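Let's have the full structure, built from the sequences with the hints guiding it.
Quick mapping for you: the protein sequence lines, in order, are chains A and B.
Going by the numbering used here, the first residue of the first sequence is number 3, and it counts up by one from there.
Going by the numbering used here, the first residue of the second sequence is number 18, and it counts up by one from there.
I should point out that these hints are in silico values taken from the structure, not numbers from a laboratory.
Here the structure is a predicted model, which is why all the values come from computation and not from measurement.
By construction, the Cβ of each residue, glycine as well, lies at the ideal position given by its N, Cα and C atoms.
Just to be clear, a hint being listed does not mean it is correct.
[Stated by the list, open to error] Computed, partial: chain A to chain B, Cβ under 10 Å:
(1) Phe21
(2) Gly24
(3) Glu26
(4) Tyr54
(5) Leu55
(6) Val61
(7) Thr65
(8) Thr104
(9) Pro132
(10) Leu141
(11) Lys143
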Amino acid sequence: MELEELKTNITELLPAAAFEEGGEWLTVHVEPSAWAVFASQLRHTDSLFFDYLFCLTCVDWKTHLTMVYHLSSVKYRHNMVVKIKIDRNKPEIETVSNIWRTAEFHEREVYEMFGVQFINHPDLRLLILPDGWEGKKPLLKDFDDPVNMIKL
Amino acid sequence: MVEELGTTTEGDLIINVGPQHPATHGVLHLVITLNGETIKKVEPHLGYIHRSIEKMCESLTYRQFIYVTSRMDYLSAHINNHACALCVEKGMQIEVPERAQVIRVLMDELTRIASHELWWGAMAMDLGAFTPFFHAFRERETINDIMEETCGARLTMNYMVPGGVMADLHPDFQKRVKAFISLYRSKIKEYDEMLTGNIIFQNRMKGVGYLSPEDAISYGCSGPAARGSGVSCDIRKLYPYEVYNKVQFEEVLETAGDSFARYMVRIREMNQSVSIIEQLIDNIPEGDYQAKTKAVLKLPKGEFYTRVETARGELGVYIVSEGATTPYRIKFRSPGFSNLSALDHMARGSKLGDLVAMMGTLDLVIPDIDR
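Rendered as C-alpha cells:
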C-alpha cells in the first residue's frame with residue numbers, strides 16, 4: 003500500500019494519530035492509552051495486516067521514554083513505525099506479546115534495560131541481566147557503571 | 018538457577034542444558050522442564066556473553082562503532098559491518114562507488130558460504146556424524162585464507178567502512194575465488210551424498226521442530242528459519258541494497274516447516290551464493306574502492322534504519338541521531354534473538370534428543386543473541 007493510502011487508513015482507525023514527517027516509513031505517534039486497541043487493529047484489519055513486528059525498542063530522551071515499534075506486513079509488504087511517548091518516572095505500557103509473539107522477548111529486554119513495565123505481559127522477568135540485578139537500568143542515559151568500562 | 022533444578026510436585030524433571038554444553042555452541046543456557054523424555058517447556062537464560070554493545074556504541078563515533086559490530090554475529094562479520102556502513106551512508110547520503118558495492122556483495126556472499134559451512138559441520142556433529150565437520154572446515158578454511166589476504170583478518174574483518182571498503186582487493190583475489198568456486202560446486206554435491214541423503218540423518222530431521230508460517234511470522238523469525246516454513250523474507254530480494262538487484266538469484270523457499278526444510282534452505286542457499294559470486298567475480302568494475310568522505314562524520318538529526326540479510330536472517334540497524342559525532346541511541350535487531358524466541362514453541366511435545374536438531378537448524382550464534 004502506498005504511503006498516502008496507508009495514512010488515510012490509519013487516520014480512519016485512529017483519528018487522534020499524529021504523523022511524523024521525514025522518515026523513511028510512515029511514522030505514527032500514539033497515546034499509550036490507545037495502544038492496545040490500536041495494535042490489535044493494525045494486526046487484524048484486513049487491508050493493513052501488519053503481522054510482522056521486526057523491531058521493538060525504546061529510546062531514553064531524558065525527559066521521557068519513547069517506545070518504537072517497527073511493523074511490516076508480509077502479505078502486502080508495507081512498513082510503518084509506531085512511536086509512543088511514556089512517562090520516564092513511571093514507565094508503563096500495555097504489552098503486545100499477545101498480538102505478536104516475538105514481543106515477549108523484546109519486551110523483556112526493554113523491561114530490564116529501561117525499566118518499562120509491560121502491563122499483562124505473561125512472563126516479565128530478567129532475560130539478559132543476572133538474577134538479583136538491582137539499581138539503575140543499563141540503557142538509561144544516567145546509568146553509570148563504576149566497575150566495567152562501557153564509556154570511553 | 019540451581020534452586021530450580023530437581024523434580025517438581027507434578028513429577029516433572031527440570032534440567033539445565035548449558036551454559037557450557039557442546040551442542041549449544043557457546044554460552045546458551047536452557048532450563049528445560051521434562052516429563053519423562055518429553056519436553057514441556059524450554060526457557061532460555063541469556064546474558065552470559067552480553068557485552069552491552071548498544072551502550073558502548075553510544076560513546077563511539079560513526080567510524081569506530083562499526084568495529085564493535087564484527088563481534089556480534091562473528092560468523093557474518095562482513096555483513097554486520099555492511100549493515101552499519103549502509104546505515105551511516107543513508108544518514109550522510111554518501112554515494113558508494115560501484116567497485117566498492119561489488120566488492121561488498123562478493124564478501125557478503127563468501128561470508129554466507131563460510132557461515133553455512135560452519136553450521137553444516139557443527140550441526141552434523143551435534144547429531145552424531147563426525148566426518149562432515151572436517152569436510153566443512155576444509156572449505157571454510159579456504160574462504161578464511163582469501164579473506165585474510167584482502168582484509169588482514171580471518172574472523173572479525175572490519176573491512177567495510179562508511180563510503181566503501183577499507184582497502185582494495187588483493188591482486189590474487191579473483192584468481193583464488195575462481196579456483197575456490199569451481200571446486201566448490203562439486204563439494205556441495207559431496208555434502209548431499211555424505212549427509213543429506215543419509216536415511217538416519219533424515220529420520221532425525223524430518224517432522225522435527227515444526228514451525229507453521231503464521232508462527233514463524235508472529236515470532237519474528239527471519240532468514241532460513243522462516244524460509245523453511247515457506248515465508249518469503251529475503252531482504253536481498255525484497256529491499257535490494259548494493260548490486261543485489263542486478264544479479265540473478267533465487268530466493269530459496271521450502272514449505273515443510275520442519276528441521277529438514279530449514280536444512281535444505283541453507284544447502285540450496287550455498288548454491289545461490291556461488292551463483293552470485295560467479296556473476297560478479299569477472300565483472301568487478303574499475304574505479305575507487307572508497308568514496309571521499311569527511312574525516313569526522315556527523316549524521317543529521319533524525320532516525321535511520323537499514324535492513325540486511327545475514328546468514329542467519331534479518332539484521333536491522335536503528336540509529337537515532339541528534340546531530341553529534343556519536344549516535345544518540347543504536348539498536349541492533351539481531352536475527353538470532355527473534356529466532357530463539359520460537360524455540361520453546363517449536364520444542365514443546367518433542368523428545369529431548371530432538372532439541373539438538375532444532376537448535377542446530379535455527380543456527381544460533383550466541384554473541385548475536387546477547388549483543
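Status of each hint after checking the structure:
1. The beta carbon of phenylalanine 21 (chain A) comes no nearer than 14 Å to any beta carbon in chain B, farther than 10 Å, and the hint placing it at the interface is violated.
2. The criterion of a C-beta within 10 Å of any C-beta in chain B is met by glycine 24 (chain A), whose closest approach is roughly 7 Å, and the hint holds.
3. This hint holds: glutamate 26 (chain A) has a C-beta 7 Å from the nearest C-beta of chain B, less than the 10 Å allowed.
4. Given the 10 Å rule on beta carbons, the hint for tyrosine 54 (chain A) holds: about 5 Å separates it from the nearest Cβ of chain B.
5. Taking 10 Å as the C-beta contact cut-off toward chain B, the hint placing leucine 55 (chain A) at the interface holds, the least distance being around 6 Å.
6. With 10 Å as the threshold, the beta carbon of valine 61 (chain A) comes within range of chain B, its nearest partner Cβ sitting at about 5 Å, so the hint holds.
7. Because the beta carbon of threonine 65 (chain A) sits about 13 Å from the nearest beta carbon in chain B, more than 10 Å, this interface hint is broken.
8. For threonine 104 (chain A), the shortest C-beta to C-beta distance to chain B is roughly 3 Å, which falls under 10 Å, so the interface hint holds.
9. Checking proline 132 (chain A) against chain B by beta carbon gives a least distance of about 7 Å; that is within 10 Å, so the hint holds.
10. Because the smallest distance between the Cβ of leucine 141 (chain A) and any Cβ of chain B comes to about 6 Å, under 10 Å, the interface hint for this residue holds.
11. Here the hint on lysine 143 (chain A) is kept, as its CB sits about 8 Å from the closest CB of chain B, short of 10 Å.
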